[in-house]
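Mind docking chain B on chain A? Use the hints.
Chains A and B supply the protein sequences, listed in that same order.
For what it's worth, this note's numbering labels the leading residue of the first sequence as 6, then goes sequentially.
For what it's worth, this note's numbering labels the leading residue of the second sequence as 8, then goes sequentially.
Calculated from the structure, these hints are not laboratory results.
Computed from a prediction, not measured in an experiment: that's the story for all the values here.
The beta-carbon is built from N, C-alpha and C at its ideal position, and this holds for glycine as well.
Honestly, I wouldn't trust all of these hints.
[As the list claims (entries may be wrong)] Here are the in silico distance ranges between beta carbons for each label pair:
{"hint": "1", "chain 1": "A", "residue 1": "LEU92", "chain 2": "B", "residue 2": "SER39", "range": "13 to 23 Å"}
{"hint": "2", "chain 1": "B", "residue 1": "ALA115", "chain 2": "A", "residue 2": "GLY105", "range": "16 to 26 Å"}
{"hint": "3", "chain 1": "A", "residue 1": "HIS78", "chain 2": "B", "residue 2": "ALA115", "range": "21 to 31 Å"}
{"hint": "4", "chain 1": "B", "residue 1": "LYS131", "chain 2": "A", "residue 2": "THR87", "range": "36 to 46 Å"}
{"hint": "5", "chain 1": "A", "residue 1": "GLY25", "chain 2": "B", "residue 2": "GLU125", "range": "28 to 38 Å"}
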Amino acid sequence: MDLKLDHHSEDNLTIVDVEGEIDVYTAPRLRELLIDLVNKGNFHLLVNMEKVDFLDSTGLGVLVGGLKRVRAHDGSLELVCTQERILKIFRITGLTKVFGIYASVDEAKEAHGRDK
Amino acid sequence: MATVELTFSALPAHVRTARLVATAIARRTGVSEALLDEVRLAVGEACSRAVEAHRVHCPGEPIVIELRDDSGRFEVTVTDVAPSDDLQQPVIPTDGTLVPEMPGLGIAVIAGLADDVEVSSGAKGMRIRMSWPASPNGVAAV
Numbered sequence: 006m007d008l009k010l011d012h013h014s015e016d017n018l019t020i021v022d023v024e025g026e027i028d029v030y031t032a033p034r035l036r037e038l039l040i041d042l043v044n045k046g047n048f049h050l051l052v053n054m055e056k057v058d059f060l061d062s063t064g065l066g067v068l069v070g071g072l073k074r075v076r077a078h079d080g081s082l083e084l085v086c087t088q089e090r091i092l093k094i095f096r097i098t099g100l101t102k103v104f105g106i107y108a109s110v111d112e113a114k115e116a117h118g119r120d121k
Numbered sequence: 008m009a010t011v012e013l014t015f016s017a018l019p020a021h022v023r024t025a026r027l028v029a030t031a032i033a034r035r036t037g038v039s040e041a042l043l044d045e046v047r048l049a050v051g052e053a054c055s056r057a058v059e060a061h062r063v064h065c066p067g068e069p070i071v072i073e074l075r076d077d078s079g080r081f082e083v084t085v086t087d088v089a090p091s092d093d094l095q096q097p098v099i100p101t102d103g104t105l106v107p108e109m110p111g112l113g114i115a116v117i118a119g120l121a122d123d124v125e126v127s128s129g130a131k132g133m134r135i136r137m138s139w140p141a142s143p144n145g146v147a148a149v
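Next up, chain A with everything else stripped away, as it sits in the complex:
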């Protein structure tokens, strides 16, 4: 499956919906979207990965790059992910300590609201 990307804003939070496979072929599209969102002033990003079938280290690198960019503007990049196969790669690389990872968009929005 290819990669489908969509995004919308709710209050001060931009939710990026990702569906499909994030790998060396498709990751540049996600990177371009994240860069574009940051360039347009969206500094609080929530990447919903519930429909992601596959994620490799190229995709992780893109997410880390996005995090670095939003943090340069005192922003945030957090994730929604409950799939064990995806969470495993975050655990292997130690990135569970770097990203806020939530079980649902609502849970993330609630936490984001508390932090504002």
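Same frame as chain A, but now just chain B:
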């Protein structure tokens, strides 16, 4: 020992094909369903690393992946002929190739996934061999 060898050009789109082939043969070889995701990810990581290295150093050269059913193990070897980026300063490509935000992360992921990994690298390229347990007769139970 049965061997399947796949040779592909250093294009990111082919990495998915390599993943699919490796997963299909792993299943056929008798690797348990619980490990197939690990095989798919580890093979993808090894091929992605090779593709990125070739696109920087030798885009015309192919990458070789060998898949073996070897005495109850499913063994995958990914071989490239690009000088290892892990051993030298990175070269920034000018053709739009994705520059890894965290170089070397792929090898770390492979090491975390396969219970048997051997990485040998040098000026003439890198060879990543990894294996997983499979059924002794080489064919998955149906």
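Please check whether A:LEU92 and B:SER39 have a Cβ separation lying inside 13 to 23 Å. holds (20 Å)
Should the hint that A:HIS78 and B:ALA115 are 21 to 31 Å apart at their CB atoms be regarded as holding? holds (29 Å)
Can you let me know if the beta-carbon spacing of B:ALA115 and A:GLY105 is within 16 to 26 Å? Roughly 22 Å apart at Cβ, these two residues keep to the hinted range, so it holds.
Supplied distance hint 36 to 46 Å, evaluated on CB atoms of B:LYS131 and A:THR87: holds (44 Å)
Taking the CB of A:GLY25 and the CB of B:GLU125, does the distance hold inside 28 to 38 Å? holds (32 Å)
Of the numbered hints stated above, none is contradicted by the structure.
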